[in-house]
Amino acid sequence: MRKFAIAAAAAIAFGATAAEADVVKVGVIGPFSGPFAIQGKNFKAGIDAYIAEHGNKIGDNTVEIVYRDVPQADPAQSKALAQELVVKEKVQYLAGFYFTPDAMAVTPLLKQANVPMVVMNAATSSIVAKSPYVVRVSFTTWQTSTPIAQVALDLGVKKVITVVSDYGPGVDAENAFKAAFTKAGGEVVQAIRMPLSTNDFSPIMQRVKDSGAQGVFAFLPSGPTTLGFMKAYADNGLGKAGVRLFAPGDLTQESDLPALGEAAAGALTTFHYALSHDSDENRRFVENARKAIGNPAELSFPSVGAYDGMHVIYRMIEATGGRQDAEKAVEAVKGLSWESPRGPVSIDPESRHITQNIYLREVARAEDGSYYNKEIRTFEKQGDPGLAAQ
Amino acid sequence: MQTVLSIAVDALAYGMVLFVISIGLSVTMGLMRVINLAHGAFAMVGGYCASYVAHAGFGYGIAIVAAMVATAIIALPLERLLYRRIYGASELTQVLMTIGITFCVIGLVNYIFGPTLKTVPLPEALRGSVDLGFRSVAKYRLFAILCGLIVAGGLWYLIERTAFGVRLRATVDNANMAASLGVRTQIVYAASFALAVALAAFGGVVGSELLPLEPYYALRYMVTFLVVVSVGGPGSIPGALLACLLLGAIDTIGRYLAPEYGEFFFYLAVIVIVTLFPRGLAGRLKKQ
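Those protein sequences? They're chains S and V, same order as listed.
Anchor point for the first sequence: position 221 equals 221 in the working numbering, and the numbering is continuous, going up by one each time.
Just so we're on the same page, the working numbering is the position in the second sequence counted from 1, plus 1000.
Just chain V, with the same shape it has in the complex (with noise of 0.2 Å):
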């Protein structure tokens, strides 16, 4: 029973860092319609922001700021410079630039900053573990899980409940329609790309224990990002809540049970949701 409970605290809070981290792409993938692949390379800047902001001694909280102010800075000139000329295009269209940018931002980030491990220093209270009565966890991941609540409650509410979120979907289901009624889009669509990449910068800096910063980040974790995107549905929040919860829970429970299947269960897991759901959990469920 304690190992059981523990393994549910550990799933839970990996699930929650997946989730942290990906459902920036989410957005842009869902709700804006870009398969950007890109998505790593911003999370990797905001995490390498914080660290240099965190290491010049400032705080925590500051540098989480800091790296999705200046992530969405950076990401600004993006969008309307190569982002706009893309939305609507063929997904190979978007595919072969976002994967040129993410090439071009490992260089550039090797180039100049090296290619050692970053880390962000946490703050002392957030240092060392707590006993939970049947096992130490970190404070870190009670804090990663906190996080993720705090996001998808947040994301929801911007998209579902605030003017904003109407204009967002309306521009995203018929950009000509919504333009007409007086919805700027372009602002639109700037918002939401800054907002997507100040996720992903948050995700970078918030996971930065479980998924160390160097050069290559941007394309490791690429494939984990775009599974939890496509088995919880595109631009669905509690469908990448849903599946981040599920997939982490089946690799951790797979690495404790048969660590030498690598991650077979985690990918078996994958094939059997997307093919019983090929919209993603959400998708499917939106359509009944």
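Only chain S is shown next, with the shape it has when bound in the complex (with noise of 0.2 Å):
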């Protein structure tokens, strides 16, 4: 008994000391409060599903999540916020990033700090390029607006207008649709760019009714303005004249489609993932991430970022064995392929970059008078043509 006593006490001793010294800490940067919160809510929904699901060992190995608010694009605050993750928690990994700048402020840091970074969101191309410990898991603007042009194509429509809010990722999908509808032997009439702040789109919309185009092609944040966009689009009878919209899947983003409703119904988006995707796998995330979240409406496509996020942290941990080395971390990665919820998916070895099936999608109207992103066409194993084209 006494001997028992004895040996308990020390494995509990020694069983802690081993934990202690083996917990793994991942810094996960997003925004978490301010007008993008539920993008960082999607980030925590999609990490938590994924340890609800594999749990929170690797081996020996405990991980721990360490979260870090940076409300609204701030390059000065994310790498503040980085630095202190590293050097006062000790972070073996940093994660999240919602917006590019954010993400390229950190990557400075990632040699010296001996860190791999994996990008749930941020979607600028040349990001994996500034530095060689970058996965991306999410997707880029490129990716996901380069399949459309040869939807509209195939739709016998010739002429495009394009309508993009002027930033980064709105004359990113500008540039990405034209490339591949030129190529393809398309032609854009007018590239329109609007200022992030519009909110009335009645004049741009007659714009698009002016210029004689068969079809247009729009890129908007998702978020409040894509409700006045679509309305505008529905409301100057654009939709009855026969001019088609086009647009990357931000437009119709799930936690949008309650609010935009019929406005929606009959667009066609391409994207890298749909909550309505269709697979045992996805079943199974979206539950996990629905309870996660709290409330089920809110979540949408970072959740699904952040759990292939987790997924590539964890193959990391395993190939390291929870010691702190980030080349090899990185290297164990690339070229890993596995079933994600979104499909199938693997790392590209040379940009590290996530190559993916991009869905063509029409926003349709479900049996119980909701709308949700009905997947009617793949485009399989899409790189980023983005990185190409720079």
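Some hints here could point you the wrong way.
[As the list claims (entries may be wrong)] Dumping the calculated DSBU-like pairs for lysine-lysine here, alpha-carbon to alpha-carbon at most 35 Å: (1) S/K158 to V/K1139; (2) V/K1139 to S/K374; (3) V/K1139 to S/K111; (4) V/K1139 to S/K328.
[As the list claims (entries may be wrong)] Derived coverage of chain S by chain V (criterion: at least 3 residues anywhere in the stretch with Cβ under 8 Å from a Cβ of chain V; other residues may be distant): (5) 189-198; (6) 224-236.
If you are wondering where the hints come from, they were derived from the structure by calculation, not from laboratory data.
In this text, a Cβ means the ideal position worked out from N, Cα and C, and glycines have one as well.
The task is to assemble the complex, starting from two chains supplied on their own in separate frames and drawing on the hints.
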């Protein structure tokens, strides 16, 4: 009995020190408060869903997530928080990053800190080129905007006017579409860039009408302005006049769809992920993520980026045995392929960006009267055309 | 020609939405002399009330009335406890307190109702668009124009032609003198504050198709509201109407002809007008 007690005490003591030594911390930077808090909530939901499914142990190592909040794009704050995470919290991995500038600001730290960065959202192509320790599991605006050009041509639309919000991703979307569309023989008759703060889109729709285009390609960041845009498109009779709307999926994000409602019905978008994706992996993911986020209506695409980001980090921890070795960690996931809730994906060994299917979706009405993105066509194994274009 | 007419309709509708939503602020700033940065917050609260009432199956009209009443009921204790302390206080005090209220409202709304967009479903009669011959216009926009005209007329009548309007103007000009003449100034203040807040709520509901409701609504459009009031001349209804139509037109034309310049023309116009008329369009008119 006494022997047992000693053994137990030793085991507890040993176990405790062992566990303490083997905690692997992951620092996640994202917008968890402020106007973009819903995106940060989606990060957290994706991470929680992954941990709920796979546990927080990898071998002997226990994963611990440390969250830091950057409410809106703020590179200086993002960098300061990343430094704090590395120096004080001793995180072995940095992840998250909703906005491109926030991710860009942190890339110079990675080498010295010996920390890999897993980008869960920021969608500008060039981020992966800034440091060999960056791996991206989300998408790029080029990646999601390119296939829609083919969709337009297949529908017999030859002349298109592009309408984008005047900021980085909007310009990316415009260039991506133009490149793909003109290459395939289409013509972009006009390119309009509108200020981010636009709230009345009626004059823009008038321009679209006057341009004589057969279709309009649009990019706006998901959120409040998409509502005004889609309503203006419907109210100005463009849909009825036969001018089709093409866009990447940012315009019909699931968390906006209840508000967009019938104004968005029939809109064609291309994107890497729809909550409605038909697979067991996705059903399991959506169930867990909905539980994690609380209000099911708030779940949308950043959650899947976070979920796959955790998958990559788990593989990295496995490969390094919990020791801090950024190079080995990144090397281990190059070429890694797995079945994500969004479909089959892999990490391109060259660019360290995710190769994935891009789906054409139509906003459709479900039996219960709600609207959802219905996947109707698959563009398989799409890489990022944006890096090559730059 | 067709295009010109088209843009004119858009400009008119946009200007009227701006007017409906900003006129309450003009009342608080011009007549009550309070720089109420929480105006957008009250508009948002009104919009949220209407959204929930309308989604519960009551009609659009009931939703509007419920929003106005509920927002006024929420605002009255605030007036009694907070705003009453800052009547006549320095502008900095007013700005600091009302922006604080704004942040509190944003936090509460975000916490209680979540960050997703809310809509106020339009009744069947206001959905879709009508063909004007040269273009189709959303029925809702015509409704907004009508609302703007009714609010402008009604408010002008109330302030210029009724006994309440006389008391309000007297109280604002000299509260002590008005009180000694038997005007119950505290009630006048409370009533006009409730009116201003109810107008904000009305604007929040009617404008929700153009300015979508979400927790950051309260901050997002604050500058626009302030610009309209300062260009129009605080407290002047014809001034605010003129400012809205002018700014609505400039913004709409700028957006049609040169969207890549962003809001350059809008703010250029604001700078020019405020330089020429430091007290706002109507402020200058009164002086002459």
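A quick look at each hint next to the structure:
{"no.": "1", "hint": "S/K158 to V/K1139", "in the structure": "holds (32 Å)"}
{"no.": "2", "hint": "V/K1139 to S/K374", "in the structure": "holds (30 Å)"}
{"no.": "3", "hint": "V/K1139 to S/K111", "in the structure": "violated (59 Å)"}
{"no.": "4", "hint": "V/K1139 to S/K328", "in the structure": "violated (62 Å)"}
{"no.": "5", "hint": "189-198", "in the structure": "holds (count 6)"}
{"no.": "6", "hint": "224-236", "in the structure": "holds (count 7)"}
Of the numbered hints stated above, those contradicted by the structure are hints 3 and 4, listed in ascending order.
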